[in-house]
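So the sequence lines, in the order shown, correspond to chains A and B.
Just so we're aligned: 21 in the working numbering is position 21 of the first sequence, and the numbers increase by one with no gaps anywhere.
Every number in the working numbering is 307 more than the matching position in the second sequence, counting from 1.
These are calculated hints, taken from the structure and not from any lab test.
Keep in mind it's a predicted model, so treat the numbers as computed, not measured.
Honestly, I wouldn't trust all of these hints.
What the hints assert, rightly or not - Taking lysine-lysine pairs in the DSS-like style, the calculated list, with each CA pair at most 27 Å apart, reads: (1) B/Lys515 / B/Lys459; (2) B/Lys459 / B/Lys419; (3) B/Lys515 / B/Lys355; (4) B/Lys399 / A/Lys108; (5) B/Lys393 / B/Lys419; (6) B/Lys451 / B/Lys393; (7) A/Lys302 / B/Lys419; (8) B/Lys393 / A/Lys6; (9) A/Lys253 / B/Lys434; (10) A/Lys302 / A/Lys6; (11) B/Lys434 / B/Lys397; (12) A/Lys253 / A/Lys6; (13) A/Lys108 / B/Lys355; (14) B/Lys355 / B/Lys565; (15) B/Lys419 / A/Lys108; (16) B/Lys419 / A/Lys253; (17) B/Lys397 / B/Lys459; (18) B/Lys419 / B/Lys515; (19) B/Lys393 / B/Lys356; (20) B/Lys451 / B/Lys434.
As the list claims (entries may be wrong) - Beta-carbon label-pair distances, calculated as ranges: (21) A/Asp298 / B/Gly509: 26 to 32 Å; (22) B/Thr516 / A/Asp298: 47 to 53 Å; (23) B/Asp548 / A/Phe9: 56 to 62 Å; (24) A/Phe138 / B/Pro476: 50 to 56 Å; (25) B/Leu450 / A/Phe9: 52 to 58 Å; (26) B/Gly447 / A/Val166: 41 to 47 Å; (27) A/His2 / B/Ile574: 56 to 62 Å; (28) B/Leu444 / A/Arg303: 42 to 48 Å; (29) B/His471 / A/His2: 20 to 26 Å; (30) B/Gly447 / A/His2: 34 to 40 Å; (31) A/Trp304 / B/Ser405: 44 to 50 Å; (32) B/Thr387 / A/Ser233: 54 to 60 Å.
Here a beta-carbon is modelled for each residue, glycine too, at the ideal position from N, C-alpha and C.
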Amino acid sequence: MHPVVKRLFIHPPVIPLLIVVSFIDGFWTQGNISNLAGQISLDGILVSGLVIVMIAAGFDLSIGVVMAVSGVVAIALAPYGLGWAIVGSTMTGLIAGFLNGTLIARFKINPFIASFATMIMMRGAVLYFTDTRPTVYFDPLINSIGRGKILGIPFPFLIMLFVMVVLHVLLTTRAWGRHVYAIGSDDQAARLAGLSVSRIRVQVYILCSSLAALTGALLASKLATGSPIVGASTALFIAAAALLGGATLQGGKGSLPGAFVGVLFISTLVNAMNLLVIPAYYQRISIGLLLIFLVVLDGAIKRWRLK
Amino acid sequence: MNMHSSVNSTTAFDTSSQSDQDVLISLDHVSLSFGGVKAISDISFNIKKGEIRAIIGPNGAGKTSMLNVINGFYHPQEGTITWRGKVRRKMKPYEAASNGIARTFQNVALFKGMSTLDNIMTGRGLKMKTNFFWQCLRVGPALKEEIANREKVEEIIEFLEIQHIRRTPVGRLPYGLQKRVELARALAMEPELLLLDEPMAGMNIEEKTDMSRFILDVNDQYGTTIALIEHDMGVVMDLSDRVVVLDYGRKIADGAPKEVQSSQAVIDAYLGVSH
Chain A
1 MHPVVKRLFI
11 HPPVIPLLIV
21 VSFIDGFWTQ
31 GNISNLAGQI
41 SLDGILVSGL
51 VIVMIAAGFD
61 LSIGVVMAVS
71 GVVAIALAPY
81 GLGWAIVGST
91 MTGLIAGFLN
101 GTLIARFKIN
111 PFIASFATMI
121 MMRGAVLYFT
131 DTRPTVYFDP
141 LINSIGRGKI
151 LGIPFPFLIM
161 LFVMVVLHVL
171 LTTRAWGRHV
181 YAIGSDDQAA
191 RLAGLSVSRI
201 RVQVYILCSS
211 LAALTGALLA
221 SKLATGSPIV
231 GASTALFIAA
241 AALLGGATLQ
251 GGKGSLPGAF
261 VGVLFISTLV
271 NAMNLLVIPA
281 YYQRISIGLL
291 LIFLVVLDGA
301 IKRWRLK
Chain B
308 MNMHSSVNST
318 TAFDTSSQSD
328 QDVLISLDHV
338 SLSFGGVKAI
348 SDISFNIKKG
358 EIRAIIGPNG
368 AGKTSMLNVI
378 NGFYHPQEGT
388 ITWRGKVRRK
398 MKPYEAASNG
408 IARTFQNVAL
418 FKGMSTLDNI
428 MTGRGLKMKT
438 NFFWQCLRVG
448 PALKEEIANR
458 EKVEEIIEFL
468 EIQHIRRTPV
478 GRLPYGLQKR
488 VELARALAME
498 PELLLLDEPM
508 AGMNIEEKTD
518 MSRFILDVND
528 QYGTTIALIE
538 HDMGVVMDLS
548 DRVVVLDYGR
558 KIADGAPKEV
568 QSSQAVIDAY
578 LGVSH
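Taking the hints into account, I'd like the entire structure generated from these sequences.
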């Protein structure tokens, strides 16, 4: 089976899903599609960063909280001008990524533990500084970034496409991408081949956090609100999308087109369940079950083909 | 050229004679132990420029430990290592790589999901001088560099006759070819000293013949000094210029293949004599 066919029909079955959801009332309405596109654009930017971290055999639990911090910082600085908001949000991403990357690459802390710790710290800090209240600032210019459309396509969606295409080219045709795959599949061998493994690792985490900060800023701009509580379970949903799209926790595998399909699948599924008025708790249960089911199915297909 | 100047600059401290300039690396009274277990006891030997040096011995004799000492994985508790005429301090494996020591592993250590070409290109990591941003934009010096690296890699691919698997993910290749790709990646570093840990383990006769030919060709065409560990005695005797034999972490023989073969200590070690 051609890998592209497999990616669209089996792992994950995104095209069968799209056919099924077509029968749901209200799926193909303009309002719903635009809503879905908005969700996919934000998740798509997040997954682009996380999948690269996962290819490099790492993980980042802190992307959700980086989103929150970046949104709060952007809105807090917005009254001083758009430029400051962008600078603040960018700095958030760079600092968080550098912190994660340094803990993981230089101090050799397990990525789950390191990003878990930074996640708790940053969540604590942002709740403290905002006194748990969302910050609101309305400015037509800033608001238009998250809500604007070009030729009917939401602006964040275009940003996501741009991010994905650029990173895909980087990963597949540039030395840097080759090195990311190399350190993910065997970091000892990469080290002996003379790659500066820890530098590449830090770069990967900075990239991931910067994209999370971008997502947070876009969300804040869309809602004109910086909320300190957004993104509590984001990392796990995004990781599920990356895993469905072919990335692994062992590293060395995964791609951006795959991650995009993963996000498309999960977002569509959640959207369909919302249309069917399935309560959010059931939605989570079903996503968890589905993840297990698809991974088991994939393993079964592999074994069956070996026979 | 560079090397000669470095030797000259240290003449005041250098007690070695003229003939020692041919020595690429020498180990003097090196001992290595893990906890209480001695892996290597008081071993001295050297590797001369341009030779093929074999390290042999029964299982557990300390051969792989020896290679790990040479490329900086382990630092011996006792003894000195002299690399290109200078006493070497403690260092990291990647520093060995930038100093011109490359190696392959007993159990193949390739990037499984990546193509043959990409695997070999990673061997050029050290040769890349331009930074991340130039590499990503791929213009100017970065483009020139990428092209130069690619040319070198293509030359190695042709040399090792693996053109037909350039685009194949290495995880799918048979073992013999994986070993050859690993050799290619090590060669891409253009090393001065190439360490091969059992390059022919698990190969059939045809694959062994091919591999032997490649090792000789590498030595011949690129002038690369090679140190190898191998179990197949026939291969060792045919390939190597000099052989060092280890047993229980000690050196029991050192010399030309013919001399070593007739040494009583070696015969005892291989046939098993009670200690």
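Hints, verified against the model:
{"no.": "1", "hint": "B/Lys515 / B/Lys459", "in the structure": "holds (25 Å)"}
{"no.": "2", "hint": "B/Lys459 / B/Lys419", "in the structure": "holds (22 Å)"}
{"no.": "3", "hint": "B/Lys515 / B/Lys355", "in the structure": "holds (25 Å)"}
{"no.": "4", "hint": "B/Lys399 / A/Lys108", "in the structure": "holds (16 Å)"}
{"no.": "5", "hint": "B/Lys393 / B/Lys419", "in the structure": "violated (37 Å)"}
{"no.": "6", "hint": "B/Lys451 / B/Lys393", "in the structure": "violated (34 Å)"}
{"no.": "7", "hint": "A/Lys302 / B/Lys419", "in the structure": "holds (17 Å)"}
{"no.": "8", "hint": "B/Lys393 / A/Lys6", "in the structure": "violated (57 Å)"}
{"no.": "9", "hint": "A/Lys253 / B/Lys434", "in the structure": "holds (25 Å)"}
{"no.": "10", "hint": "A/Lys302 / A/Lys6", "in the structure": "holds (12 Å)"}
{"no.": "11", "hint": "B/Lys434 / B/Lys397", "in the structure": "holds (23 Å)"}
{"no.": "12", "hint": "A/Lys253 / A/Lys6", "in the structure": "holds (16 Å)"}
{"no.": "13", "hint": "A/Lys108 / B/Lys355", "in the structure": "violated (38 Å)"}
{"no.": "14", "hint": "B/Lys355 / B/Lys565", "in the structure": "holds (18 Å)"}
{"no.": "15", "hint": "B/Lys419 / A/Lys108", "in the structure": "holds (24 Å)"}
{"no.": "16", "hint": "B/Lys419 / A/Lys253", "in the structure": "holds (9 Å)"}
{"no.": "17", "hint": "B/Lys397 / B/Lys459", "in the structure": "violated (31 Å)"}
{"no.": "18", "hint": "B/Lys419 / B/Lys515", "in the structure": "holds (22 Å)"}
{"no.": "19", "hint": "B/Lys393 / B/Lys356", "in the structure": "holds (15 Å)"}
{"no.": "20", "hint": "B/Lys451 / B/Lys434", "in the structure": "holds (12 Å)"}
{"no.": "21", "hint": "A/Asp298 / B/Gly509: 26 to 32 Å", "in the structure": "holds (30 Å)"}
{"no.": "22", "hint": "B/Thr516 / A/Asp298: 47 to 53 Å", "in the structure": "violated (41 Å)"}
{"no.": "23", "hint": "B/Asp548 / A/Phe9: 56 to 62 Å", "in the structure": "holds (59 Å)"}
{"no.": "24", "hint": "A/Phe138 / B/Pro476: 50 to 56 Å", "in the structure": "holds (52 Å)"}
{"no.": "25", "hint": "B/Leu450 / A/Phe9: 52 to 58 Å", "in the structure": "violated (39 Å)"}
{"no.": "26", "hint": "B/Gly447 / A/Val166: 41 to 47 Å", "in the structure": "violated (19 Å)"}
{"no.": "27", "hint": "A/His2 / B/Ile574: 56 to 62 Å", "in the structure": "holds (59 Å)"}
{"no.": "28", "hint": "B/Leu444 / A/Arg303: 42 to 48 Å", "in the structure": "holds (44 Å)"}
{"no.": "29", "hint": "B/His471 / A/His2: 20 to 26 Å", "in the structure": "holds (22 Å)"}
{"no.": "30", "hint": "B/Gly447 / A/His2: 34 to 40 Å", "in the structure": "holds (38 Å)"}
{"no.": "31", "hint": "A/Trp304 / B/Ser405: 44 to 50 Å", "in the structure": "holds (47 Å)"}
{"no.": "32", "hint": "B/Thr387 / A/Ser233: 54 to 60 Å", "in the structure": "holds (57 Å)"}
Against the hints set out earlier in the document, violations occur for numbers 5, 6, 8, 13, 17, 22, 25 and 26.
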